[in-house]
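2 protein chains.
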Amino acid sequence: MSQVYDRIALIGLGLIASSMFWAIKRSGLAGEVTGYARSEATRDAARRIGLCDRVCDTAREAVEGADLVVLCVPVGAMEAVATDIAPVLKPGATVTDVGSVKRHVIQAVSPHIPEGVHFVPAHPLAGTEHSGPEAGFAELYDNRWCLLVPVEGSDPDAIARLRALWEGMGANVDEMDADHHDLVLAVTSHAPHLIAYTMVGVADDLRRVTDTEVIKYSAAGFRDFTRIAASDPTMWRDVFLTNKDATLEILGRFTEELFALQRAIRTGDGEHLFDYFTRTRAIRRGIIDAGQDTDAPDFGRGKASS
Amino acid sequence: MSQVYDRIALIGLGLIASSMFWAIKRSGLAGEVTGYARSEATRDAARRIGLCDRVCDTAREAVEGADLVVLCVPVGAMEAVATDIAPVLKPGATVTDVGSVKRHVIQAVSPHIPEGVHFVPAHPLAGTEHSGPEAGFAELYDNRWCLLVPVEGSDPDAIARLRALWEGMGANVDEMDADHHDLVLAVTSHAPHLIAYTMVGVADDLRRVTDTEVIKYSAAGFRDFTRIAASDPTMWRDVFLTNKDATLEILGRFTEELFALQRAIRTGDGEHLFDYFTRTRAIRRGIIDAGQDTDAPDFGRGKASS
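Chains as they are written, first to last, in my numbering: chain A, 324 to 629; chain B, 324 to 629.
Just so you know, the hints here were simulated from the structure itself, not pulled from any lab data.
As the structure is a computational prediction, the values presented were derived from the model and not from experiment.
Everything hinted at is true.
The list cannot tell twin chains apart, which means a pair is met if one copy fits it or any two copies do.
Subject to a maximum C-alpha distance of 20 Å in a straight line, what follows is the list of computed DMTMM-like cross-link-like pairs (lysine to aspartate or glutamate):
#1 LYS413 / ASP380
#2 LYS567 / GLU594
#3 LYS567 / ASP598
#4 LYS567 / ASP592
#5 LYS348 / GLU457
#6 LYS348 / ASP376
#7 LYS413 / ASP329
#8 LYS567 / GLU402
#9 LYS348 / GLU462
#10 LYS413 / GLU438
#11 LYS413 / GLU384
#12 LYS413 / ASP478
#13 LYS413 / GLU387
#14 LYS348 / ASP465
#15 LYS348 / ASP329
#16 LYS567 / ASP500
#17 LYS348 / ASP390
Start from the sequences and build out the full structure, keeping to the hints where you can.
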């Protein structure tokens, strides 16, 4: 794979940025990658493990001379970073981000982008329950989707170049407008995360069942909720606060459906339950066919932990 | 491992029974294993793949002379099977089951067990999204829990022997009373399954987001719900109808908590969200430490599907 940018600056050095670094290096997609994190401990960790060609003590220093600046901070911190780096952005450079919410980030960042600099928001749909600079690995984006969300007037060449970078890192790329992105993600990610957090919280609260029991017997289904309920609290707080409307809309529909199923249980309406459960199997089959999961029994977890 | 029973009869030949057969063979835990399934297609499939030493055309034929009879049918079908086989149960034999609900099964089966036959209900906490006679594999129970739920007057020797069988199949064994079992499972399994079914149904219903989008972008969190929402519809209908009270209790608490989090989103209470999300991380850590899951990033799914 050939170089796509001369210099890339990663602002924020968590799971997403560190995985980007290793994926960029794997395929030689950039001449130099600089990095900055607000916390000194994170910068020290990055230097220790060789994350980034150069770790800088200020965001401005990392950004200077970069062709691509990637904002990898929580959604709620995007505006402050954009304000800080705006004066040193190189003319012709592209600014992008990896935030899970797009309308809010566009509103927060766009006004600070100087004339002559491109802004192409993006969102890679990949993650693990781990966070921080040491959580990254080069394969995170392989066969995962990255959504580009161009704003009005986004330069086609800047979009094509960013697409080449994400494809070089192993991802499949789609384009989508911001409002549709925020709705699709509310369904596929934000509502499921809130629901998983809630269920794990309920289990923890229940006086008559101990945490030990919940943990020991988690393989019966509960376990599938805990991975996503272990995700980074700061990131997720910001997601819910900034994608409020779409998330609340989906949660409203979810509650309606849940009440209907609860009523079916209470009244003994087995047919309603059976039909509902039969319908949901097809979606699972679609996900396996689309290569977004494997159909290995139990995901091989049984074997891995035995 | 040495033989625990001379002859075991498996009634119902789905994922659980077929995995038991392979696990029993792996360690030589029985002299002969007979099997019966109501559907001719299932019996044919079993004969074709060598599932069971002898596949019988009636439950009574499979049960005759067995030291252990394992009822592996949906919870709602237990009583009919018990009624059918009762006359041919061997004196001194043990009847057990693998149902996900215990109070109901005990009420349905106990009255039909003849004097001189032991009844020791059980529930292995293991499964995959696949069902049917060809879904089984010998490792399913390795390092998983099997809960024994003895009824009043259960014979200690019969319990000890059944424990030895489950341990021989790789499981860890605990004992629990029926009502506590049903509550613990409502938290760790039944409520999570209903919630996952609901969320997958909502995604399928939403007009403004296509199924293709839901499937393509499922790796963002939704995917973790779809595995459990693909489980056998008949089995799960019966679970909810027969563990009604405990499931509805947990769902009630779940709804309360979900409303509190929705209100925090609506009012912008970031601190409430952050504190809640921080608390749930600890449970996940406990599950990994307990060996009921791995902490491999993304469970290696990224690699398996790339």
